[in-house]
Amino acid sequence: MFKYREFISQIKYKKVISSPVYFIPILLLSIMIIIEGFHIFNHKQNCKTKAEWMEQSGMTYDRESEVN
Numbered sequence: 495m496f497k498y499r500e501f502i503s504q505i506k507y508k509k510v511i512s513s514p515v516y517f518i519p520i521l522l523l524s525i526m527i528i529i530e531g532f533h534i535f536n537h538k539q540n541c542k543t544k545a546e547w548m549e550q551s552g553m554t555y556d557r558e559s560e561v562n
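Residue 500 in my numbering sits at position 6 of the sequence shown, and the numbers go up by one each step.
Since the hints were derived computationally from the structure, they do not count as laboratory data. Beta carbons: idealized from backbone N, C-alpha and C, even for Gly. Hints are not guaranteed to be accurate.
Estimated spans, in silico, between C-beta atoms of each pair [as the list claims (entries may be wrong)]:
hint, residue 1, residue 2, range
1, Glu546, Ile525, 24 to 32 Å
2, Asp556, Ser513, 54 to 62 Å
3, Thr554, Leu523, 42 to 50 Å
Go ahead and model the full structure; you've got the sequences and the hints to work with.
Shown next, in the form of structure tokens:
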């Protein structure tokens with residue numbers, strides 16, 4: 495029968511973590527999470543609706559004009 499405790503004790507965590515197969519995806523995922531965190535944190539300041547952009551530039555936004 496498979497002995498789980500023996501298998502876990504044989505794993506060399508330092509080798510696993512430093513392996514490119516593990517490290518590169520985790521690094522990319524971490525970078526993506528950081529970027530998304532900054533984006534969500536600053537969302538109200540930088541991401542505006544079309545109406546907000548038009549209002550900022552002095553134009554008026556007529557939603558009904560875009561209905562086909």
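Outcome of the hint check:
At roughly 29 Å, the beta carbons of Glu546 and Ile525 sit within the given window of 24 to 32 Å. At about 57 Å, the CB distance of Asp556 to Ser513 agrees with the hint of 54 to 62 Å. Between Thr554 and Leu523 the Cβ separation comes to about 43 Å, which falls inside the hinted range of 42 to 50 Å.
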